[in-house]
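Visitor: Chains as they are written, first to last, in our numbering: chain C, 397 to 450; chain F, 323 to 560; chain D, 31 to 275.
Among these hints, one or two may not hold up.
As the list claims (entries may be wrong) - Just so you have them, the derived chain C footprint on chain D, three or more residues with Cβ under 8 Å:
| id | region |
| --- | --- |
| 1 | 77-84 |
| 2 | 97-110 |
| 3 | 139-153 |
| 4 | 202-211 |
| 5 | 247-254 |
Hint data in this document are derived by calculation from the structure and do not stem from the laboratory.
Glycine residues also receive a C-beta, built at the ideal position from the N, C-alpha and C atoms.
Read off the chains here:
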Amino acid sequence: MSEFLHMGKYAQYVWPAYGIVLVCFLLNIYWARRALAQARAEARRRLAIQKENE
Amino acid sequence: MSALATAVLSPAAVSSPLDAARLVVARDLKLAFRNREQIVQPLAFFAIVITLFPLATTAELSRLREIAPGALWVAAFLAALLALEFLFRDDSQDGTLEQYALSGQSLTWLILAKTATHWLLTGVPLALVSPLAAGALGVPWEATPGILAGIALGSFALSLVGAIGAALTLGVKRGGVLLSVLVLPLAVPVLIFGARATQLAIAGQSYVAALELLAAMAVLGVTLAPLAAAAAVRISLE
Amino acid sequence: MAWTWFHRLGSPPYVYRLAQRLTPWFAWSAGIILIGATFDALVLAPPDYQQGEGYRMLFIHAPSAWMSTMVYTTMAIAAAVGLIWRIKVAHAVAASCATLGATFTAATLATGMLWGKPMWGAYWVWDPRLTFELVLLFLYLGYIGLRASFDDVQRADRASAVLAIVGVIDVPLIHYSVVWWNSLHQPASVMKLGTPSIAPVMLIPLLAMFLGCTLYFAALLLTRLRGEILRRERAATWIREVLAS
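When you get a sec, could you build the whole thing from the sequences and use the hints?
Guide: In structure tokens:
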């Protein structure tokens with residue numbers, strides 16, 4: 397197990413690299429879902445305003 | 323000023339694209355000599371940036387000579403960016419650009435004429451001043467032709483490519499920084515080969531190949547950049 | 031027959047609903063494949079005889095690099111389609127690509143630096159391929175910045191489309207830089223004609239990573255696409271229905 401974590405002396409490079417990529421992947425999922433939620437909320441607001449004006 | 327612009331458009335006065343281009347060039351030259359800061363400011367900025375290098379690194383001429391190619395091109399690029407702000411700004415503000423777009427003439431061609439004039443007013447003076455700047459950085463006088471030719475060609479390519487960025491950021495408030503971000507990707511090849519040509523010239527070696535590559539980029543720019551800039555201008559004018 | 035399907039792709043409600051249905055499929059398959067591929071990459075694949083365990087960077091660096099250019103090309107093509115034929119959905123696709131592509135590019139540069147330090151001895155060299163990849167990052171950032179500077183979505187669409195199209199020349203520069211110049215960077219060993227020059231036991235996790243990343247991109251693209259379509263539609267009854275679902 398410790399050999400695995402050690403990555404044959406490359407640990408200080410391999411793990412941060414995989415870590416950065418993982419963080420990027422997770423961030424993008426969060427951003428995309430948030431963008432969609434914001435767009436839906438905006439659309440709701442627009443429809444509500446339109447309904448009022450009718 | 324608008325009278326000159328209207329003259330471009332009325333079909334009676336102008337029959338050929340060449341006449342239209344001639345009018346655009348004449349107008350831009352006239353206006354530039356009335357507002358001389360357009361020509362002076364980029365040159366002054368160039369001089370200031372060049373001065374920063376010995377202040378920030380070393381006063382030793384032999385070591386300055388090594389960074390001279392990079393310093394010259396960084397300063398030239400920044401000065402060109404500053405100058406690009408003047409390319410479309412006044413014309414878009416007083417409605418002339420809109421007139422150009424609405425006239426029957428090809429906007430691409432008119433933009434090429436404007437960009438070429440802009441280069442004459444900013445790039446050529448820059449090229450003429452660059453050997454002096456190079457001398458200040460410890461570069462031997464023999465390198466002058468190479469430096470002159472390189473910066474002349476490179477600034478032309480930068481004007482062309484920069485026109486695209488200037489057109490895209492026309493309507494944007496405080497678009498100066500965005501302009502730099504947009505122009506940089508397209509300017510990178512010019513900077514790389516320009517610096518290379520200058521480096522070879524300083525070392526006393528043959529710089530013809532690098533100059534040819536710069537010329538090729540300028541030719542590519544002439545054919546494609548005004549097209550993209552015209553498209554961007556039309557979008558900005560909507 | 032094919033044309034009606036193509037036509038429907040221009041219709042925002044159709045695309046929205048299609049995206050809604052497809053996203054879970056892409057998302058789940060991406061998740062499963064990526065987890066499997068990562069396990070394969072870190073545990074199952076044997077160490078390289080030259081680079082030891084350090085070569086495992088390949089499994090995240092190469093797919094990121096491939097995605098960074100592939101996403102930009104997608105963005106440029108969508109932008110061109112939107113600009114030439116004035117199709118809003120195409121512009122929406124281009125807008126959805128930007129942040130993802132920028133992230134892949136940043137990840138490529140970061141993993142490249144972490145791979146370069148142990149193998150080449152330097153975090154960064156002004157090598158053609160690295161330089162053009164950095165330029166790609168600037169293109170993405172410029173695209174995002176340009177979009178943000180416009181209040182009107184339609185003008186933002188068209189202006190950024192011009193930028194995306196002009197910048198696409200960077201993509202072949204990145205790919206062929208290792209061919210045209212003497213580069214420190216390794217030339218293509220997978221994406222070349224003929225059989226790949228890499229051992230199957232290493233090729234499989236690599237290809238699995240490529241596939242997983244592509245599915246992941248598809249899932250997030252479709253997610254963002256839905257929001258971008260909503261932003262470009264003025265009120266329409268279909269929005270009411272869709273918001274309720």
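Visitor: The structure should be examined with respect to each hint, and the outcome stated for every one.
Guide: Do the hints match the structure? See the list:
1. A stretch counts as covered by a chain when three or more of its residues have a beta carbon under 8 Å from one of that chain; for the region 77-84 of chain D and chain C the count is 4, and the coverage holds.
2. Coverage of the region 97-110 of chain D by chain C is violated. Counting CB-CB distances below 8 Å, 0 residues qualify, and the rule asks for three or more.
3. Coverage of the region 139-153 of chain D by chain C holds in this model, with 6 residues showing a Cβ closer than 8 Å to a Cβ of that chain against a need of three.
4. Under a criterion of three residues with beta carbons nearer than 8 Å to beta carbons of chain C, the stated coverage of the region 202-211 of chain D fails, only 0 such residues being counted.
5. Against chain C, the region 247-254 of chain D contributes 3 residues with a C-beta closer than 8 Å to a partner C-beta. That satisfies the three-residue criterion, and the hint holds.
Consistency with the previously given hints fails for numbers 2, 4, ordered from lowest to highest.
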